[in-house]
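J.: So the sequences go chain by chain: A and B. For what it's worth, full-length UniProt numbering labels the leading residue of the first sequence as 1, then goes sequentially. For what it's worth, full-length UniProt numbering labels the leading residue of the second sequence as 1, then goes sequentially.
Hint data in this document are derived by calculation from the structure and do not stem from the laboratory. A hint or two may mislead.
Residues on chain B that point at chain A, a partial pick, calculated with CB under 7 angstroms [said to hold, decoys possible]:
# : residue
1 : Pro7
2 : Ser29
3 : Leu271
4 : Glu332
Now the in silico label distances, taken between C-beta atoms and shown as ranges [said to hold, decoys possible]:
# : chain 1 : residue 1 : chain 2 : residue 2 : range
5 : A       : Thr8      : B       : Gln273    : 51 to 61 angstroms
6 : B       : Gln273    : A       : Gln182    : 34 to 44 angstroms
7 : A       : Tyr53     : B       : Ala185    : 51 to 61 angstroms
8 : B       : Ser373    : A       : Ala246    : 22 to 32 angstroms
Fair warning: this is a prediction, and the values are worked out from it, not measured in the lab. Glycine is no exception: its CB is placed at the ideal position from the N, C-alpha and C atoms.
2 protein chains.
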Amino acid sequence: MSSSFFPTPRTLMGPGPSDVSPRVLGALSRPTIGHLDPQFIALMDDVKGLLQYAFQTENALTIPISAPGSAGMESAFVNLLSPGDTVIVCQNGVFGGRMRENVERCGATAVMVEDAWGAPVDPEKVREAFRKNPQASVLAFVYAETSTGARSDAGTLCAIAKEFGALSIVDAVTALAGIDLQVDAWGADVVYSGTQKCLSCVPGISPITFSPAAVERIQNRPGKVQSWFLDMQLVMGYWGGDSKRAYHHTAPVNAMYALHESLLIVKEEGLEQSFARHHRNHTALVAGLEALGLSMAVAADYRLPQLNAVNIPDGIDDGAIRGALLNDHNLEIGAGLGALAGKTWRIGLMGHASNPGNIKRCLTALGSALRRSGYACDTEAALTAAEIALGE
Amino acid sequence: MSSSFFPTPRTLMGPGPSDVSPRVLGALSRPTIGHLDPQFIALMDDVKGLLQYAFQTENALTIPISAPGSAGMESAFVNLLSPGDTVIVCQNGVFGGRMRENVERCGATAVMVEDAWGAPVDPEKVREAFRKNPQASVLAFVYAETSTGARSDAGTLCAIAKEFGALSIVDAVTALAGIDLQVDAWGADVVYSGTQKCLSCVPGISPITFSPAAVERIQNRPGKVQSWFLDMQLVMGYWGGDSKRAYHHTAPVNAMYALHESLLIVKEEGLEQSFARHHRNHTALVAGLEALGLSMAVAADYRLPQLNAVNIPDGIDDGAIRGALLNDHNLEIGAGLGALAGKTWRIGLMGHASNPGNIKRCLTALGSALRRSGYACDTEAALTAAEIALGE
Numbered sequence: 001m002s003s004s005f006f007p008t009p010r011t012l013m014g015p016g017p018s019d020v021s022p023r024v025l026g027a028l029s030r031p032t033i034g035h036l037d038p039q040f041i042a043l044m045d046d047v048k049g050l051l052q053y054a055f056q057t058e059n060a061l062t063i064p065i066s067a068p069g070s071a072g073m074e075s076a077f078v079n080l081l082s083p084g085d086t087v088i089v090c091q092n093g094v095f096g097g098r099m100r101e102n103v104e105r106c107g108a109t110a111v112m113v114e115d116a117w118g119a120p121v122d123p124e125k126v127r128e129a130f131r132k133n134p135q136a137s138v139l140a141f142v143y144a145e146t147s148t149g150a151r152s153d154a155g156t157l158c159a160i161a162k163e164f165g166a167l168s169i170v171d172a173v174t175a176l177a178g179i180d181l182q183v184d185a186w187g188a189d190v191v192y193s194g195t196q197k198c199l200s201c202v203p204g205i206s207p208i209t210f211s212p213a214a215v216e217r218i219q220n221r222p223g224k225v226q227s228w229f230l231d232m233q234l235v236m237g238y239w240g241g242d243s244k245r246a247y248h249h250t251a252p253v254n255a256m257y258a259l260h261e262s263l264l265i266v267k268e269e270g271l272e273q274s275f276a277r278h279h280r281n282h283t284a285l286v287a288g289l290e291a292l293g294l295s296m297a298v299a300a301d302y303r304l305p306q307l308n309a310v311n312i313p314d315g316i317d318d319g320a321i322r323g324a325l326l327n328d329h330n331l332e333i334g335a336g337l338g339a340l341a342g343k344t345w346r347i348g349l350m351g352h353a354s355n356p357g358n359i360k361r362c363l364t365a366l367g368s369a370l371r372r373s374g375y376a377c378d379t380e381a382a383l384t385a386a387e388i389a390l391g392e
Numbered sequence: 001m002s003s004s005f006f007p008t009p010r011t012l013m014g015p016g017p018s019d020v021s022p023r024v025l026g027a028l029s030r031p032t033i034g035h036l037d038p039q040f041i042a043l044m045d046d047v048k049g050l051l052q053y054a055f056q057t058e059n060a061l062t063i064p065i066s067a068p069g070s071a072g073m074e075s076a077f078v079n080l081l082s083p084g085d086t087v088i089v090c091q092n093g094v095f096g097g098r099m100r101e102n103v104e105r106c107g108a109t110a111v112m113v114e115d116a117w118g119a120p121v122d123p124e125k126v127r128e129a130f131r132k133n134p135q136a137s138v139l140a141f142v143y144a145e146t147s148t149g150a151r152s153d154a155g156t157l158c159a160i161a162k163e164f165g166a167l168s169i170v171d172a173v174t175a176l177a178g179i180d181l182q183v184d185a186w187g188a189d190v191v192y193s194g195t196q197k198c199l200s201c202v203p204g205i206s207p208i209t210f211s212p213a214a215v216e217r218i219q220n221r222p223g224k225v226q227s228w229f230l231d232m233q234l235v236m237g238y239w240g241g242d243s244k245r246a247y248h249h250t251a252p253v254n255a256m257y258a259l260h261e262s263l264l265i266v267k268e269e270g271l272e273q274s275f276a277r278h279h280r281n282h283t284a285l286v287a288g289l290e291a292l293g294l295s296m297a298v299a300a301d302y303r304l305p306q307l308n309a310v311n312i313p314d315g316i317d318d319g320a321i322r323g324a325l326l327n328d329h330n331l332e333i334g335a336g337l338g339a340l341a342g343k344t345w346r347i348g349l350m351g352h353a354s355n356p357g358n359i360k361r362c363l364t365a366l367g368s369a370l371r372r373s374g375y376a377c378d379t380e381a382a383l384t385a386a387e388i389a390l391g392e
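Build out the structure end to end from the sequences listed, making use of the hints.
T.: What follows is the structure, encoded as structure tokens:
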């Protein structure tokens, strides 16, 4: 290559990144200013306020981590844990396994609570794990499992943690702005997300919020946080409420412009309206997929509206269909991950990308690719089913 | 605020971020595609090749870390070190101190070699430290100290590390593309940088390169890397040479477009030409500053051309002058950091921002602000001195 890169635009209906709004791309490319410029400090304050709105929290320590969602996850664990701690980790997909990796790399012990991939976390198993491990000081779980498309009952799980005197760490990477996420009402202690899902912002930043109880635990740690870059005691000096900001690292200035604009768009629409739109479009997509003869991988009660896991029909080649969608239709959908590789597709309807046009584009492209692979299906019927569900 | 953010453009002549070229901002805002899209994989390969050019290396593991320079620093230490290791850390400014923090958070011991802030690292002291600590397995130093503007003899220091059987970790955050950086010829083992200095790219990404000996040490570690996000054994699976890329984290897609474009610009100009331009503009700036009656904080032999530390004259208020430059001239210069706070200004001439127009803008603005503060100086004489040095 070694010449300027002009990507062929795609419609992004995978597990993220999702389509980024032109408003966000416009903000991203505004002139870079200094990370200690008073203009930028004012922007940082506004980003914090908008993140509090999106997280439905009044937590003072609500900030964007200057790195992707997996750094947000690591930030939660390295700040809260010390060697010897015990953490109850729920696993019902890929990201619970990543949590375990994080716990163990902190020198702590992970007590695993396993549920089937595609099922939600079972609160009774979590209660049982706390009874057997009363020393556990943290409960960690994934609210919206990006690898399976299943939603767990985050409010109930946070309440169980409280019942046993533990703090909760909630992975909300795919949840934020797509489904209800009541950080304060649920009493969640550390909740992190990513920019490239329902915020429809460029990937690379991880919004995170810490409850006062989480901040207190960080301030009373027995030793230093093992990561300098993610040490909240240091990051707070830069992002904290003081008028005097201490230099910690150079913030990704332009990515903050983009995050700010994406949060403004969320606030302009309103969270409730955004959740309702995600739900409505999900219902229509499912109606269309079922009219194509496909089945959903997750039971109706636990489906994420923003990430729809579909079973790949017998005899259909996973890669061939995704390749056809990408090459013939410039449409990206997601492969299955981990235990579900080759068994499911993951169709995202996230943020800006959750709209009727994308539903129809996806049903049309998928119907066409499936028929070419010898799978009998009726695209017109699928489009009609989706339109009826949309009330069109 | 809570409305779209339109920053007043600044001329960025601080320690970074530096002015970003419109070409780079243009690349940044191209449509987001998936991080596993074949188009993006091809871009990743091209970025690796261009980084090898900029670092003057054939190291296969030459990649951008998806987070700022301080994560690049952490990545070097957490991958190379294990608990109980001994590291010789040279400190002649802020960033040597940060290296010590990183070493200690890995459970390793830092043997400090101290030099005055503004002086280069003394190779004899490093030799002496190795003689007293033969168990030391790593030497870490800052090639271009961003906090002081001093340049150390990186080639000699890397050779000393080799002489004592140790690996070298070199901070080249401010060096890359601004001054000669011969990773292979010097035998440097881990060298990291940032995008927001002489690459004139947006902040947020840290290019890094690992020698085969460094990779071997990582592959033979006694235990896991304490950071999941920065674990090179995992990152290699995504950025490695295989045709099949394993998902690790979601790469900051648009930031990669920008990095790619900034590296293309470096290659189009050519490294030698870029170094010569940085040197020529530095000489002109110094001539102008001295004609204003100001003195440089670093001895001529060790000055970084891309970051010029100037002594603040007695009786002149640091903040008032920088405030006047920012508010009246939209010009950002840097404050002193750490031990040099209030004593020096740091004037960057980095990458795209290293040009005659910026030199004149800075001399004019600084002359004006100083005169208003009661300091007698002659801007015309300063501009003439700079023009003569530029050969204009």
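J.: Run every hint past the structure and note whether it holds.
T.: Hint by hint, here is what the structure shows:
Interface restraint check: B/Pro7 against chain A, minimum CB-CB distance 5 angstroms, threshold 7 angstroms, status holds. Because the smallest distance between the Cβ of B/Ser29 and any Cβ of chain A comes to about 4 angstroms, under 7 angstroms, the interface hint for this residue holds. With a least beta-carbon distance of about 15 angstroms to chain A, the hint placing B/Leu271 at the interface is violated under the 7 angstroms criterion. Taking 7 angstroms as the C-beta cut-off, the interface hint given for B/Glu332 holds, the closest approach to chain A being about 5 angstroms.
Look at A/Thr8 against B/Gln273: about 33 angstroms separates their beta carbons, and that is not inside 51 to 61 angstroms. Checked against the hint of 34 to 44 angstroms, the C-beta distance between B/Gln273 and A/Gln182 comes to roughly 57 angstroms, which is inconsistent with it. Checking the proposed 51 to 61 angstroms range against A/Tyr53 and B/Ala185 shows it holds: the Cβ atoms sit about 53 angstroms from each other. Distance hint check: the CB atoms of B/Ser373 and A/Ala246 are about 26 angstroms apart, consistent with the given range 22 to 32 angstroms.
Checked against the numbered hints above, the structure violates hints 3, 5, 6; every other hint is satisfied.
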